[in-house]
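For the sequence shown, my numbering gives the first residue as 1, with consecutive numbering after it.
Some hints could be false.
[Unchecked claim] Cβ-Cβ distance ranges computed for the label pairs, FRET-style:
{"id": "1", "residue 1": "Gly236", "residue 2": "Glu77", "range": "43 to 53 Å"}
{"id": "2", "residue 1": "Thr14", "residue 2": "Leu182", "range": "18 to 28 Å"}
{"id": "3", "residue 1": "Ala167", "residue 2": "Arg26", "range": "49 to 59 Å"}
{"id": "4", "residue 1": "Asn121", "residue 2": "Gln256", "range": "32 to 42 Å"}
{"id": "5", "residue 1": "Phe123", "residue 2": "Asp251", "range": "36 to 46 Å"}
{"id": "6", "residue 1": "Thr185", "residue 2": "Thr2", "range": "42 to 52 Å"}
These aren't lab readings, by the way, just hints derived from the structure by calculation. Even for Gly, the Cβ is constructed at its ideal location relative to N, Cα and C.
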Amino acid sequence: MTTRYKVILAYDGTKFAGFQRQPHERTVELVFSKAVNKMAKNPVPAIPIYGAGRTDTGVHALGQVIHFDLPNEINPEGVRRGLNSLLPMDLLIKQVEIVPADFHARYDTVGKCYWYRAYQNEFVDPFRRQYTGHFKFTADIDRIQQALPDLLGRHDFTSFVASGSQAHDHVREIYAARAWALPTTQEIQFEFYGSGFLYNQVRIMVAILMEIGQGRRAVDCIPQLLAAKDRAQARGTAPAAGLYMKKVYYDRDELQNDLIKH
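Can you build the whole structure from these sequences, using the hints too?
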């Protein structure tokens, strides 16, 4: 009888070609899967792993969630320490727990939180280029904050999904969204809490909000973009380097508590 493990992990996405396994590419799924199977002494067939969501090339995670089954029960702390000893320095397991056999990292989610860091300067900072999205022109935080409420609620986000998405249903719900300025670091940061997010949705929303902040779009343009259901009208995608998968939720009470705090 197998034992199912839930793992929370963080990674620097700079040198990963995204999360999902791809031929001849270094991906989070590939590297993590190799470590799990090595720890389990390379069983046949190999142990599959399942993630809460796919991140693109260059996107980071503070709280990605993966589940997998091991043929024998091992103490969770032993699993954490054992896997961390096998993983490269740009991937860290933060927490391991044993979960029921029917738990699923992807299908049991009740919400996700993404964080975005937008760096504003005429020139790229070589020491931040891999961890922030670079924007050449300064945005007005007041204009961005005025526009944010129009994203809240349940909407068809067809205008905010990139080509290549495999989702047939583009309706998603945004529970909360906020933005704040950090003048000393020349950053505007964003947080989005939602039921789930489409391919590149967060990066497209950030791009639109930054254009609003820069005065290149009207503050009240978001309802029109949502109604249009046309990606061509919401052109632009914020750089991948500024995006972080911050947290995945499986408990509605925990989600509500975090929403109240923010």
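Hints and how they fare:
1. Gly236 / Glu77: 43 to 53 Å: Roughly 45 Å apart at Cβ, these two residues keep to the hinted range, so it holds.
2. Thr14 / Leu182: 18 to 28 Å: Given a distance of about 22 Å, which is inside 18 to 28 Å, the answer is holds.
3. Ala167 / Arg26: 49 to 59 Å: Between Ala167 and Arg26, where Cβ atoms are some 26 Å apart, the hint is violated.
4. Asn121 / Gln256: 32 to 42 Å: The hinted range 32 to 42 Å holds for Asn121 and Gln256, with Cβ atoms some 37 Å apart.
5. Phe123 / Asp251: 36 to 46 Å: The hint (36 to 46 Å, Cβ to Cβ) holds, given that Phe123 and Asp251 are roughly 44 Å apart.
6. Thr185 / Thr2: 42 to 52 Å: Since Thr185 and Thr2 have Cβ atoms about 47 Å apart, the given range 42 to 52 Å holds.
The structure shown violates just one earlier hint, number 3.
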